[in-house]
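Peer 1: Residue 4 is where the sequence shown starts when you use the working numbering, and the numbers rise one by one after that.
Be a bit skeptical, because a hint or two may be false.
Below 30 Å or equal to it, Euclidean Cα-Cα: the simulated BS3-like pairs (lysine-lysine) are [unchecked claim]:
hint, residue 1, residue 2
1, LYS8, LYS59
2, LYS132, LYS111
3, LYS61, LYS73
4, LYS8, LYS61
5, LYS59, LYS73
6, LYS132, LYS98
7, LYS111, LYS98
8, LYS63, LYS73
9, LYS98, LYS8
Okay, the calculated beta carbon distance ranges per label pair [said to hold, decoys possible]:
hint, residue 1, residue 2, range
10, GLN56, ALA84, 43 to 53 Å
11, THR92, ARG133, 49 to 59 Å
12, ILE90, LEU138, 20 to 30 Å
13, LYS61, ILE12, 24 to 34 Å
14, PRO93, ALA66, 49 to 59 Å
15, ARG133, THR101, 44 to 54 Å
No lab work stands behind these hints: they were computed from the structure. Every value quoted in this text rests on a predicted model; they were computed, and no experiment measured them. Every residue gets a Cβ at the ideal spot worked out from N, C-alpha and C, and that includes glycine.
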Amino acid sequence: DDAAKVHVILGAEKHRFLTEILVTWRDHQFTGTAETEDIYSSVTEAIDRILRQTLKQKEKFTARRRATRKLVKTLPLESPAPEVRIIRTPRYSVKPLTPDEAAELLLKSSDHFLVFRNSETDRVAVLYKRSDGHLGLIEP
Numbered sequence: 004d005d006a007a008k009v010h011v012i013l014g015a016e017k018h019r020f021l022t023e024i025l026v027t028w029r030d031h032q033f034t035g036t037a038e039t040e041d042i043y044s045s046v047t048e049a050i051d052r053i054l055r056q057t058l059k060q061k062e063k064f065t066a067r068r069r070a071t072r073k074l075v076k077t078l079p080l081e082s083p084a085p086e087v088r089i090i091r092t093p094r095y096s097v098k099p100l101t102p103d104e105a106a107e108l109l110l111k112s113s114d115h116f117l118v119f120r121n122s123e124t125d126r127v128a129v130l131y132k133r134s135d136g137h138l139g140l141i142e143p
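Based on the sequences and whatever the hints tell you, model everything.
Peer 2: See the structure below:
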């Protein structure tokens with residue numbers, strides 16, 4: 004259903020004629036109003052205003068389509084996914100520590116985080132340096 008709905012209001016007051024036209028099409032609404040001394044020129048002027056609005060909307064639509072076409076042309080169809088490499092670091096044993104002991108070790112080292120076994124909960128935990136200078140603790 005691609006039909007437009009048009010609502011027209013014609014009014015007369017003494018020597019003035021008022022025309023209001025409302026066109027609804029899809030999700031767009033165009034309005035044209037005019038007030039002149041002649042009913043025909045009033046209708047013509049209101050229609051001209053609606054035509055200007057529809058042309059402006061069409062220009063926006065075509066410009067948007069052109070921009071997406073250019074974007075599609077400039078983008079490669081399939082960009083190869085960057086290859087993810089896993090770099091192994093030296094292994095070390097995870098000692099049971101309290102969070103306070105782990106904090107002391109982390110502050111003494113130049114590392115950004117420390118993986119340890121929490122001696123209080125017997126679970127693996129991660130202590131890391133936050134950007135605000137404090138330490139953060141992650142416990143699963």
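Peer 1: A separate judgement is required for each hint: does it hold in the structure or not?
Peer 2: Hints versus structure:
Annotation: proposed proximity of LYS8 to LYS59 holds, straight-line Cα distance about 19 Å (limit 30 Å). For the proposed pair LYS132 and LYS111, the alpha carbon gap of about 12 Å is at most 30 Å, so the pair holds. Our distance criterion of 30 Å between C-alpha atoms is met by LYS61 and LYS73, whose separation comes to about 18 Å. For a cut-off of 30 Å, the pair hint linking LYS8 to LYS61 stands: about 18 Å separates their Cα positions.
About 21 Å separates the Cα atoms of LYS59 and LYS73, which keeps this hinted pair within 30 Å; it holds. Distance restraint check for LYS132 and LYS98: the Cα-Cα separation of roughly 19 Å lies within the 30 Å cut-off, and the hinted pair is therefore satisfied. Taking the CA atoms of LYS111 and LYS98, the gap is near 16 Å; set against the 30 Å cutoff, the hint holds. For the suggested pair LYS63 and LYS73, the alpha carbons sit about 15 Å apart, so the restraint of at most 30 Å is met.
Taking the CA atoms of LYS98 and LYS8, the gap is near 76 Å; set against the 30 Å cutoff, the hint is violated. Checked against the hint of 43 to 53 Å, the pair GLN56 and ALA84 passes, with Cβ atoms roughly 46 Å apart. Taken as a hint, the range 49 to 59 Å is violated for the pair THR92 and ARG133, whose Cβ atoms sit roughly 22 Å apart. In this structure the hint that ILE90 and LEU138 lie 20 to 30 Å apart at CB holds, the actual value being about 25 Å.
About 25 Å separates the C-beta atoms of LYS61 and ILE12, a value consistent with the hinted range of 24 to 34 Å. The supplied range of 49 to 59 Å is met by PRO93 and ALA66, whose beta-carbon atoms lie about 58 Å from each other. Taking the beta carbon of each, ARG133 and THR101 are about 20 Å apart, not inside 44 to 54 Å as hinted.
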